[in-house]
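Peer 1: Make a model of the complete structure from these sequences and hints.
This is what each chain is made of:
Number of protein chains: 2
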Amino acid sequence: MYHIGIDLGGTNIAAAIVTEEGKMICKDSIPTLREREHTEILKDMAQLCLRLMKEEGLKEKDIYSIGIGSPGTADPEKGILLYANNLKFHNVCMRKELQKYISVPVYLENDANCAALGESISGAAKSYKDSVTITLGTGVGGGIIVDGQIVSGSFHGGGELGHHVIKMDGDRCSCGRLGCWEVYASATALIRDARIAAAKNPKSLLLRLVDGDIQKMNAKIPFDAAQQGDKIAQEVINQYIHYLAVGIVNIINVLQPEVIVVGGGVSAQGENLLVPLRKEVERQIYGSDKIKTKIVAAELGNDAGIIGAAMLSKIYG
Amino acid sequence: MYHIGIDLGGTNIAAAIVTEEGKMICKDSIPTLREREHTEILKDMAQLCLRLMKEEGLKEKDIYSIGIGSPGTADPEKGILLYANNLKFHNVCMRKELQKYISVPVYLENDANCAALGESISGAAKSYKDSVTITLGTGVGGGIIVDGQIVSGSFHGGGELGHHVIKMDGDRCSCGRLGCWEVYASATALIRDARIAAAKNPKSLLLRLVDGDIQKMNAKIPFDAAQQGDKIAQEVINQYIHYLAVGIVNIINVLQPEVIVVGGGVSAQGENLLVPLRKEVERQIYGSDKIKTKIVAAELGNDAGIIGAAMLSKIYG
Chain A
26 MYHIGIDLGG
36 TNIAAAIVTE
46 EGKMICKDSI
56 PTLREREHTE
66 ILKDMAQLCL
76 RLMKEEGLKE
86 KDIYSIGIGS
96 PGTADPEKGI
106 LLYANNLKFH
116 NVCMRKELQK
126 YISVPVYLEN
136 DANCAALGES
146 ISGAAKSYKD
156 SVTITLGTGV
166 GGGIIVDGQI
176 VSGSFHGGGE
186 LGHHVIKMDG
196 DRCSCGRLGC
206 WEVYASATAL
216 IRDARIAAAK
226 NPKSLLLRLV
236 DGDIQKMNAK
246 IPFDAAQQGD
256 KIAQEVINQY
266 IHYLAVGIVN
276 IINVLQPEVI
286 VVGGGVSAQG
296 ENLLVPLRKE
306 VERQIYGSDK
316 IKTKIVAAEL
326 GNDAGIIGAA
336 MLSKIYG
Chain B
26 MYHIGIDLGG
36 TNIAAAIVTE
46 EGKMICKDSI
56 PTLREREHTE
66 ILKDMAQLCL
76 RLMKEEGLKE
86 KDIYSIGIGS
96 PGTADPEKGI
106 LLYANNLKFH
116 NVCMRKELQK
126 YISVPVYLEN
136 DANCAALGES
146 ISGAAKSYKD
156 SVTITLGTGV
166 GGGIIVDGQI
176 VSGSFHGGGE
186 LGHHVIKMDG
196 DRCSCGRLGC
206 WEVYASATAL
216 IRDARIAAAK
226 NPKSLLLRLV
236 DGDIQKMNAK
246 IPFDAAQQGD
256 KIAQEVINQY
266 IHYLAVGIVN
276 IINVLQPEVI
286 VVGGGVSAQG
296 ENLLVPLRKE
306 VERQIYGSDK
316 IKTKIVAAEL
326 GNDAGIIGAA
336 MLSKIYG
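Protein chains in written order, with the working numbering: chain A, 26 to 342; chain B, 26 to 342.
Source of the hints: derived by calculation from the structure; they are not laboratory data.
Incorrect hints may have been included.
Identical chains share a label here; the pair holds if one copy fits it or two copies do between them.
Lysine-lysine pairs mimicking DSS-like chemistry, simulated, CA-CA at most 27 Å apart [as the list claims (entries may be wrong)]: (1) Lys154 x Lys48; (2) Lys154 x Lys339; (3) Lys48 x Lys79; (4) Lys103 x Lys154; (5) Lys317 x Lys113; (6) Lys86 x Lys304; (7) Lys103 x Lys317; (8) Lys103 x Lys319; (9) Lys256 x Lys241; (10) Lys339 x Lys241; (11) Lys241 x Lys151; (12) Lys103 x Lys113; (13) Lys256 x Lys245; (14) Lys228 x Lys245.
Peer 2: Below, the structure is given as structure tokens:
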């Protein structure tokens with residue numbers, strides 16, 4: 026038996042056929058064209074699934090479940106996407122719509138929670154019962170797993186770790202609050218801070234590596250410059266790691282998972298990021314206790330969400 | 026059948042006999058004399074239990090369990106108090122020690138988690154599966170209940186909501202971190218800020234209500250002065266409610282419980298505190314969504330910890 030995982034994004038819809046163990050056997054994607062009616066988008070999602078099944082020679086009876094990871098707030102029990110701002114979906118019963126085309130059980134969850142579940146079942150957190158996965162990308166996404174289950178609160182809107190304030194009355198976040206973790210610890214924040222530092226320090230390697238054009242800055246360049254000994258870049262990285270550690274220590278003090286999985290673009294730095302991060306977390310940790318929570322890099326990359334979506338039947342089925 | 030709950034504090038040990046439904050039928054306390062050996066303290070705890078049983082005409086066979094709420098980090102499965110700074114207990118098997126004197130099952134949990142469980146089973150959160158109880162006292166205590174179970178992390182040290190940083194690089198907390206919620210939202214913080222404001226504003230009602238002696242300040246006086254129209258006191262209260270709301274909105278964004286129970290000394294203000302607090306939380310909440318999490322006052326007062334301790338067998342038995 027196989028599962029299908031779908032990652033419904035604002036730009037693309039990706040789907041994959043996944044084994045019982047969480048191994049992906051094929052994957053494809055189509056553009057979301059998000060301005061369309063939800064019925065059209067869901068029809069395309071179904072057709073993408075059917076195409077993948079056909080390519081693999083699979084019938085409906087071979088598919089145990091379809092899981093959808095979606096932005097916004099999802100009600101997993103009812104299979105309803107309550108609200109997804111960038112898709113303009115509002116109270117859409119994804120299960121019912123998809124089952125018009127394919128007669129298999131359909132499950133739905135928030136995409137960050139799917140990524141956390143994916144890492145928990147077959148990624149970096151697979152030998153742990155309790156984990157938190159954070160994604161350092163455009164924003165800071167979060168998913169909480171306790172005892173193998175997704176913890177998303179009573180109204181399915183929890184797990185928003187990026188939107189916990191670490192700097193009261195700080196800079197404005199896209200969510201409207203002041204000083205959210207996301208404002209300081211996302212890839213976007215790192216790029217912004219690197220641009221500011223490069224502009225202020227025209228002789229820095231930071232500026233040379235973008236050929237004098239700060240618009241070319243990405244999340245990798247400050248790490249590269251810092252490793253090559255650029256003091257300005259090192260300051261940017263140290264400050265970024267400080268921001269990141271404040272939120273991670275908050276997670277440890279409140280949830281104390283066995284492992285925190287760091288994903289998203291910035292996590293491509295691997296141990297370049299994690300070695301100083303663990304050191305800074307150790308420095309900030311509550312009391313004199315040694316830190317017991319492990320901090321590791323995500324293993325599934327962009328596929329975490331699809332694999333987690335495919336595995337939703339394991340927790341909701 | 027009855028349960029016994031014990032609240033092991035730094036100053037006093039309180040114990041009570043509690044019904045299956047979480048109703049206290051008798052209670053007494055003795056001084057902890059915390060400098061003593063743990064064996065002596067545990068002997069006193071046992072004798073307090075035996076005395077209460079005798080007074081109520083109960084035998085060992087009438088007692089289903091004894092639960093202990095303790096400061097510090099407890100391992101509920103093993104009944105071991107791993108670490109409690111202000112008691113100097115280190116890896117003490119409370120279960121084994123207590124069972125030297127009374128042959129009934131013994132359970133152990135952190136005291137803030139016991140208070141959360143007490144409110145969850147027979148207090149302000151009793152009709153809810155998911156709740157968070159915060160205690161605004163000397164510090165800010167926290168206990169997380171998800172699906173009726175205490176969430177305290179993989180190493181029993183989670184739930185430390187008072188020690189999540191809301192003001193990065195802010196004032197030093199007793200735990201060593203900078204800018205913990207507790208530094209701004211505890212009763213201690215309110216008293217400190219009221220003292221500063223009173224000292225700066227000699228004509229304020231705030232100073233008159235303490236007869237010009239800021240050492241007499243308590244957590245009630247700024248509320249009293251604010252209600253009587255004192256502008257300085259109103260500023261202190263507004264600022265305090267702002268601090269409190271930042272942490273509460275963080276809890277909502279991360280855990281989104283059905284209800285947040287506010288306990289501890291400051292919660293004696295009831296709706297005087299909660300009406301402006303709910304308004305400020307509504308203002309700060311993520312996105313444009315209406316807040317769904319209820320914010321209510323604790324119902325069990327100082328007994329929450331004892332009642333929760335008595336009920337530990339319901340979740341660990």
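Peer 1: Quick check: which numbered hints come out false for this structure?
Peer 2: 6, 10 and 11
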